[in-house]
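Put chain W on the given structure of chain V with help from the hints.
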Amino acid sequence: MDFATLLQLLDSTLRLATPLLLACLAGLYSERAGIFDIGLEGKMLAAAFTAAAVAALTGNVWLGLAAGILASAGMAAIHALASITFRGNQLISGVAINFLAAGMTVLVGQNLFALGGRTPQLAGGGRFAPITLPGAEALSAVPLLGPLYAEVISGHTILVYIALAAVPLTWWLLYRTRFGLRLRAVGENPAAVDTAGVSVVGLRFVAVLICGVLCGIAGAYLATALSAGFVKDMTAGRGFIALAALIFAKWRPVQALGACLLFGFLETVAIRYQNVDLGGVVVPVQVMQALPYILTVVILAGFVGKAIPPRAGGEPYVKER
Amino acid sequence: MSVTKNFLGAAAALALTAGMAAAEPAIIFDLGGKFDKSFNEAAFNGAQRWAQETGGTYKELEMQSEAQREQALRRLAEAGANPIVMTGFAFGDVLNQVAPDYPDTKFAIVDGFVEQPNVRTILFTEHEGSYLVGMLAAMASKSGTVGFVGGMDIPLIRRFGCGYAQGVKAVNPNATVIANMTGTTPAAWNDPVKGAELAKSQKAQGADVIYAAAGGTGIGVLQAAADEGILSIGVDSNQNYLHPGKVLTSMLKRVDNAVYEAFKAGENLETGIHVMNLASGGVGYAMDENNAPLVTAEMQAAVDTAAAKIASGDLVVHDYMSDNTCPALSF
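Chains as they are written, first to last, in our numbering: chain V, 241 to 561; chain W, 7 to 337.
No wet-lab data here; the hints were simulated from the structure. Note that CB positions come from ideal geometry on N, CA and C, so glycine has one too. Accuracy of the hints is not assured; some may be wrong.
Computed far set for chain V versus chain W, every beta-carbon distance over 10 Å [unchecked claim]:
1) Phe243
2) Ala317
3) Ser380
4) Leu404
5) Gly442
6) Val525
Here are the computed distance ranges between Cβ atoms for each label pair [unchecked claim]:
7) Thr245(V) to Gly98(W): 37 to 45 Å
8) Gly299(V) to Ala271(W): 44 to 52 Å
9) Asp110(W) to Tyr533(V): 26 to 34 Å
10) Tyr247(W) to Leu247(V): 33 to 41 Å
11) Phe419(V) to Gly98(W): 39 to 47 Å
12) Phe480(V) to Pro250(W): 36 to 44 Å
13) Asn180(W) to Val523(V): 36 to 44 Å
14) Trp411(V) to Pro179(W): 54 to 62 Å
15) Glu84(W) to Gly328(V): 36 to 44 Å
16) Gln58(W) to Leu352(V): 19 to 27 Å
Isolated chain V (complex conformation) (with noise of 0.2 Å):
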């Protein structure tokens, strides 16, 4: 494999990475507090088909990025109100939303636009353009760092910066705040939370609508940033993969980055290396596509070590019983 090559891939796995780490950042804010999420699934196909809807109306991606962003912040109300608020099982609730997303975003699209549940294609303003950083042009004679930059971190779509910029700060606001430690201890212990003055429910509510704007963005560059428009469970269990991710990186910003690159990298060479030689054993393409879950497995049992979930993850909270 040349240099060449291996840029190649690199690029192919930030783009695909991306809708991970966002939604696995997603899952962070939302689990750190105490909320399982299993909508996440949910949450970026509503944000993808509303971003896709909007884009297609108004001509303007930027526009659809915020209806993204609003529809998957309702859905995650939705998720707080019934979690939160009236204390019903997470996981029900998170199930719920995944089957709401996919029956709605199919009916009010075909009800819209009367292509069975898919947008117009888009074009021009409706979709967000590469970007090349300042100085790849220039660089890019520098040997090896030179082609680094200009190929695999220049031009992607904002929305790559967005999700790769979201790391620092949530670990930041996670770590280094008065917020994320509050946002952490009710995740792990509620009632000291609350017997401090602080309110829990506040708290859990403001995670979870984090939760709901960070889904927005992944859905909203699936659908105008990685292809252009929406298409039914376009999603195709990136919210899963994600929370798998999570748990990989053990609820921790840092290592997400990591775990959601690695799962972008083997969906990479799963696309590129469709069948591989192995000096007269031909690996069939159905293992290669197979890998990104056999591994997920392979690393969720065995190299992770013990993941412990926050402590009051699940565990709607009361405040006298």
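Relative to the frame of chain V, chain W by itself:
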């Protein structure tokens, strides 16, 4: 008392609707969905054409999951629909079990192979049509490398890929054909993100014309090819209009004609194997104003010559499904 009356009323209403619907034909679309801009949409267009010409109505069902197939077939058969047309190889096994239970109902299956006295098996010679677009791809390619993106990895899709590769090699024996499949589950028909990524990966490996035979996934392939400034080839329906000037041509598979004919025949549908090949206009390639600047007169002449030879039997395109091997491409 009133409960019994209600029941009687409901039963009467049911009998009435069943009686009225007796002559209605029905169509079942596969998982790609009615508006996949490709295979199922072609079937839908055929049904619409019949409805417009005859003023008749038809029943339709869209599959949402694998588990619904048998249920859908039985429901339509019991509702008195006749004939029932279904699109997609995946109905094969189910139809084989269901068809004997409704001997008076005629079924037609596109792409599947079912041997029952009341079933019409409609097969297309996709390898012949793919051969023609393969020739066009090789003539339009400057790099000598062309790509193929399949949907779900099944023998039928390999037949597309194999015919395509043979066409490419017929024009340029040294050409490289990069063939990729999107997946091994029916979800592979509906993953435009992965389709786009496959197209970008093939472009990175030098391909400058990419043929997508992947249902809804193909939309992502065509989009990515247009974004990257290379050519693509659509499939099943005429997809040239999706990106004018960026889609070299489309391999036409006249599923619309197959559905139209079946609907038109109605209850007198002839059963048995019905092959729609190049000679009978079942497959072909699309030319319209969107791709006219891309295809020169020489290219078209070369392809038309080959088409005439295939139609007359002078040129035989190897069919992957006849022996599960491909002389021009290894999958």
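Here's how the hints hold up against the structure:
With a cut of 10 Å on Cβ distances, Phe243(V) stays outside the contact zone with chain W, its closest approach being about 13 Å. Once the 10 Å rule is applied to beta carbons, Ala317(V) is consistent with being away from chain W; the minimum gap is 27 Å. No Cβ of chain W approaches the Cβ of Ser380(V) within 10 Å, the least distance being about 16 Å, so the stated non-interface status holds. At roughly 19 Å, the least C-beta separation between Leu404(V) and chain W is larger than 10 Å, which holds for a residue marked as non-interface.
For Gly442(V), the shortest C-beta to C-beta distance to chain W comes to about 37 Å, beyond the 10 Å cut-off, and the non-interface label holds. With a least CB separation of 6 Å from chain W, Val525(V) falls inside the 10 Å interface cut-off, contrary to its annotation. Separated by about 40 Å at the C-beta atoms, Thr245(V) and Gly98(W) satisfy the suggested range of 37 to 45 Å. Between Gly299(V) and Ala271(W) the Cβ separation comes to about 46 Å, which falls inside the hinted range of 44 to 52 Å.
Range check, Asp110(W) to Tyr533(V): Cβ separation about 46 Å, and the 26 to 34 Å hint is violated. Take Tyr247(W) and Leu247(V): their Cβ atoms lie about 35 Å apart, and the range 33 to 41 Å holds. The beta-carbon spacing between Phe419(V) and Gly98(W), approximately 59 Å, falls outside the hinted interval of 39 to 47 Å. For Phe480(V) and Pro250(W), the hinted distance range of 36 to 44 Å is satisfied, since their beta carbons lie about 38 Å from each other.
For Asn180(W) and Val523(V), the Cβ-Cβ distance of about 27 Å falls outside the hinted range of 36 to 44 Å, so the restraint is violated. One distance hint, 54 to 62 Å for the beta-carbon pair Trp411(V) and Pro179(W), holds here, with the actual separation near 57 Å. For the pair Glu84(W) and Gly328(V), the beta carbons lie near 40 Å from each other, so the given range of 36 to 44 Å is met. As the Cβ distance of Gln58(W) to Leu352(V) is approximately 25 Å, the hint placing it in 19 to 27 Å holds.
Of the numbered hints stated above, those contradicted by the structure are hints 6, 9, 11, 13, listed in ascending order.
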